[in-house]
Each structure stands twice: as structure tokens, then as C-alpha cells.
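Based on the provided sequences and hints, a complete structural model is requested.
Here's the letter readout for the chains.
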Amino acid sequence: MSLFQWEQNPWGQEILVRISWDLLYLSILGGALFIIGHLIYRAKNPTPASPEPSGKAAPGVPERVVRHSLAARLFHWIMAASVLVLLGTGFFPVMGIQFDWVEIHWIAGLVLVASIVFHIIHALGWMNWRDIWISGKDWAEWKAEMQHVMGKGGAIEKKPGKYPVDHRIFHSMIALAAFGVMITGLLMMVRVDNALFARNPYLLEDSSWGWVYVIHGLSAVGFVGMIMTHIYFAVLPEKRWMTISMIWGWVTKKEYLAHHDPERWVVSKETTD
Amino acid sequence: MAVIRDTIPAFELFQPTSLEDALALKRRYGKASWALAGGLDSLDWFKDRIKRPDVVIDLGGVPELTGVRASGDGIEIGATTTLSEVASNSDIVSRFGLLADAASKVATPQIRNQGTIGGNLAQDTRCWYYRGGWPCYRAGGNICYADTPTSINREHALFEANRCVAVNPSDTAPALIALDAKFVIMGTSGEKVIDAEDFFITPATDITRMTVLNPGELLTSIRIPGTWAGADFYFEKVRDRQSWDFALVNIASAIKSSGGTIEDIRMVVSAVGPRPLRLTDVERQLKGQTASDDVAAAAGELAVLGARALQHNGYKIPLMRNLVKRAIRGTGA
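Protein sequence lines, in the order shown, are assigned to chains A and B.
The first sequence begins at 1 in the working numbering and counts up by one.
The second sequence begins at 1001 in the working numbering and counts up by one.
Please note: incorrect hints may appear among the correct ones.
Unchecked claim - Computed cross-link-like contacts, SDA-like style, restricted to lysine to any residue with a CA-CA straight-line distance of at most 25 Å:
#, chain 1, residue 1, chain 2, residue 2
1, A, LYS143, A, ASP131
2, A, LYS254, A, GLU63
3, B, LYS1031, A, LEU26
4, B, LYS1047, B, GLY1140
5, B, LYS1031, A, LYS254
6, B, LYS1031, A, VAL117
7, B, LYS1031, A, GLN8
8, B, LYS1051, A, LEU16
Simulated from the structure, these hints should not be mistaken for laboratory data.
Laid out in C-alpha cells, this is it:
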């Protein structure tokens, strides 16, 4: 198995061309092994259907607690659709399923870019962006969660705020991969006829283009494994309340108190019945 | 241009004597195999040491793949039938003269005696950057060396350029699309019959191939239905050297007319894109029209809409426009 594809350019220089497509299958394998491993762990260590509600139940918590605003949900599902289209149009041809994929791919890419730009503006202006990002303070929580996962730490004593630490790590990884595909994808658009840019294949020299393709490829194959695990967790029965909240926008008071620390996720200003 | 370096690298040669054996070999060796028919395209690749198959399957001894025979109200042509036979076969000449005309314009008499219709259809592009072994998109890299401000690209694409600007070089392809031919492909999943125009693909689908043929498949025959037999045909190939050259632009059309009015038409231009380009908008506009100079001129303008010239192939736009006009006027419709 090789990691990268190299070629010799007309001047006899070895240049990077792209990642080896072996990495695609490695990412699929990695995602599949993680899921299988988690399923085995889950079978051996059944999770209680609903954890005990927090003892810090704040008065005035409504029956329905808004977890995701309409704008956040629209962003999530538009981004999800565009990512699935991008992965399908990007990798099905590599796997031997041939169709006219290029135009669909860059259009879906533009949808992804637009949705992420919207998300950034929305998060900075209307959301508490600190809820989702990791900080040094999360280390203890991450350690406790991992010990719990490994069956060493018993129950997690400290409940998370709005987003558990694994969600925040996933968000950071997805954000990194998304910026990778977005920036390189926009650059790659100048190599095909499209609605935004005039075709200019020689914007960069060949070795620089190789790095653009490598970053695009690495980010994209990273997405494959991450999306596999994301969808897996989304359909797990014990996580389904979160998936449903991404559809309707709210969680019940019971779910809120069971899974979150009301002191770390104060809902009084953003609740609804 | 490609440089003939030295002797051909070693490969294992198979010479099957039946279609079944040939297909079994394709199935067995898949991507590692190379189907050899007339050998005119293949041997260049081998001598240049750019294509290095482990296995070569010589189809020359497979009787099912050769010859012209009746098929329903039309004819069926085996894929390894030589271009000379296609150009001179009495059935083809009398009923499908468009194909005979196109086949007679391929390369030279010697090449037509050796070259096959299947090879002419499935041949790779002639872009010399690609043929020169440069790591271009089509060769698996990420650069098109033919699409730079200083590239020699006067033979390259006006339409459907998608990262790669190479064109399909086949002369018989536009004629067969105009005749609404069907291609028979056999492979691991059995036999499939596809329209001639669906046989060719653009880089947007797969930048490393020009046809839908998968590594385990063979084009076995071409079926031409009787639908367009005896129609008014027009074929013209414009090339730099009349004695022996690939087309700069070529055009094939079949017209059914009555009382000077065009009732039905199929028109295809080739060497302007990665696949032969069927001019469906032009066909639609021409149906029900009388083939006057004005109508032909309007059709020519419509045909070149969307053409995008590279640095050195702008001349192809007026050339294509005029070929469309000539095809309409030249049939006498």
C-alpha cells in the first residue's frame, strides 16, 4: 500500500500528484472496524436506557428545551446532503461506478462552502461558539469519558454542557477536514469550466497543485471514516434522542436533565414550550 | 511527438481462436490485458513503452469477430472487420454509403487493410502530450499539458473539455452515430447492446478512457438498423494532409427528405470534443425545414454555440460552422 501517488514531470522532477486511493479503502476499513469494535463493546457493556436525571434540576426548565435552532438544523442537513453528494461524486468513480460527476461535484462543493460560511456567521453572531470548541478544561471530562468507555471509570460524574466532549472533538475534526476540502476545492475549481471562475489550470505550478490534490484527498478520505461513524452513532438507540433533536430542534426536559449539566448549559434564555 | 524508444517490452501473447476463449482471457487478466486487433494503435503504445500490458490478446484469429452479415433489416459488422472491407462491402456501399465513405477516408490504404473498425472506434486520443508519456490527467496525473498559453493545441477540443482537451480521432464513429448504429459489448456480465453515441464518454465521466469499455469487455460487433438505409448522406473530413492524417474536423449526416422538406435528420461532428458530438439542437431546428442557404447558415451558427477555443484552435469554429452548412446543402435535400 502506498500513501501518495508520484509522477515524473516533463522536466524529470518527481512531483506529488495525489493521495493513493488505497487510503480511501483504509478510511472505510478504519470506520468499519471502529463501528464493529464499538458494537462489540456496546454488547458487553450495555448502557442504561436513560441515565439518572441531574440532581441540579433547575426550576423553570420548560418541557421542551431548544437544542438546535431552525438555522442550525437547516445548516446541518444542507451540509449533510452536500457532503454525501460530494463523497458519492468524488469516490464512486474511483470505485469504478462511472457517470458525469464533475459538475455535480463542484456544485455540491459550492453548496457546502455557502452553508459553512453561513454557519460561521450564524455561530459568531447568534450562538455561543464556545459551546462546541474544545478547551484545556475539557481534558478531565475527556479522560473520564474515555475511562468510562474503557470500563474503568464507572459512571461519568460530571455531565457535559450543551455538547459532550466527543461531539466537540468530532466537530473540530470535521471542521479541519471541511476547511481542507473547501480551500483546496475552490482552488481546484479554476481547473474546470464553472460558473465562478475562468478556467486557469496554471494558477499554480505542478508540484503546488500536487499538494492541493493531496490535501483535498486526505481531507475527503478523512470525511469518509468520520461520516461512517457519525451516521452509526446517529442511529444508535441510546443516541437517537440527539438525532431527533436535530430534526425537531428540541429535547425533552427529562432528556435535558438526564444528559446535561444545567449549570454548564443554562437554558433559561433559549427555551420554548 | 512520441519517441519510439526501442524494442517492445515483453508480454505474454495469447491468440484465441474463439470468442469464448477471448472473453475468458479478458475475464482472467482484466486490467493487465490488452486487446489487439489491427495493432496499429497498440504497437505505437508498446514501442513508446507507455502502455506495458502483461498480457496481449490477439483477436485476429477469432472468426466470430469478423465479417459483414445481414441482421434483421440492417447489417452486423464484426469488430475486427478491416476498414478496407467496410469501405468496399457492396451492402454497406449501397445502403449505408455514409459508413463506406467514412471508412475510406481513414489514414492510408495500407492502414485500412490492416486496421479494423473496432480498433478505429475504440482507439485512444492522439493528443501528443498524452502520447508522449507526460503525466497528464488522462495518463493518471493532474495536469493538462495541452491547455497552456504556449501549448500546441490546434487539433484539440472546442466542446466538452473538462480538465483534458483531447479529442476523439475516429472517422467511422460519427458515421455510425448518424446511422443510429448499436454496439455489441461482451464481458463479465454477458452481452449488452448500446447506442453508438453512448459508447463514447467525456473526461467528466472518466478522464482516463474514451469509451465505456471496461477492462474485462470487448466490442464484438456493430449493428446498423435499416432505419437510415438509402437516406441522403454526407461525410466530409478536413485534415492537414489529404494523403494521410487524422481529422481536424469531420462531419457525418443522414437526412430523410420529401419534396425538399427535411423530415428527419441525424448530424454528428467529430474531432471537436472528447466524443463525437451529435448536433441535436441543429437536428431539431432542421426538421420540417427546406434546406435553403439561409436555413443552412442558421444551422451552422447554432452548431457552434458554446464552442470554446483554446490558444491555437479557434479556426475550428468557422470550419465546423461551414461543414454543417455544407452537409445541409450538399445532400441536395
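Checked hints:
Among the hinted pairs, LYS143/A with ASP131/A is consistent with the structure: their alpha-carbon atoms are about 18 Å apart, no more than 25 Å. Only pairs whose Cα atoms come within 25 Å are accepted, and LYS254/A paired with GLU63/A is accepted, the gap being roughly 8 Å. A distance of roughly 22 Å separates the Cα atoms of LYS1031/B and LEU26/A; the hinted pair therefore holds under the 25 Å criterion. As the CA atoms of LYS1047/B and GLY1140/B are separated by approximately 20 Å, the hinted pair is consistent with the 25 Å bound.
Distance hint between LYS1031/B and LYS254/A is unfulfilled; the C-alpha atoms sit about 59 Å from each other, more than 25 Å. Under the criterion of a C-alpha separation no larger than 25 Å, the hint pairing LYS1031/B with VAL117/A is inconsistent with the structure, at around 43 Å. Proximity of LYS1031/B to GLN8/A is assessed by CA-CA distance (about 23 Å); at most 25 Å being required, the pair is judged to hold. A distance of roughly 21 Å separates the Cα atoms of LYS1051/B and LEU16/A; the hinted pair therefore holds under the 25 Å criterion.
Violated hints for the displayed structure, listed by number in ascending order: 5, 6.
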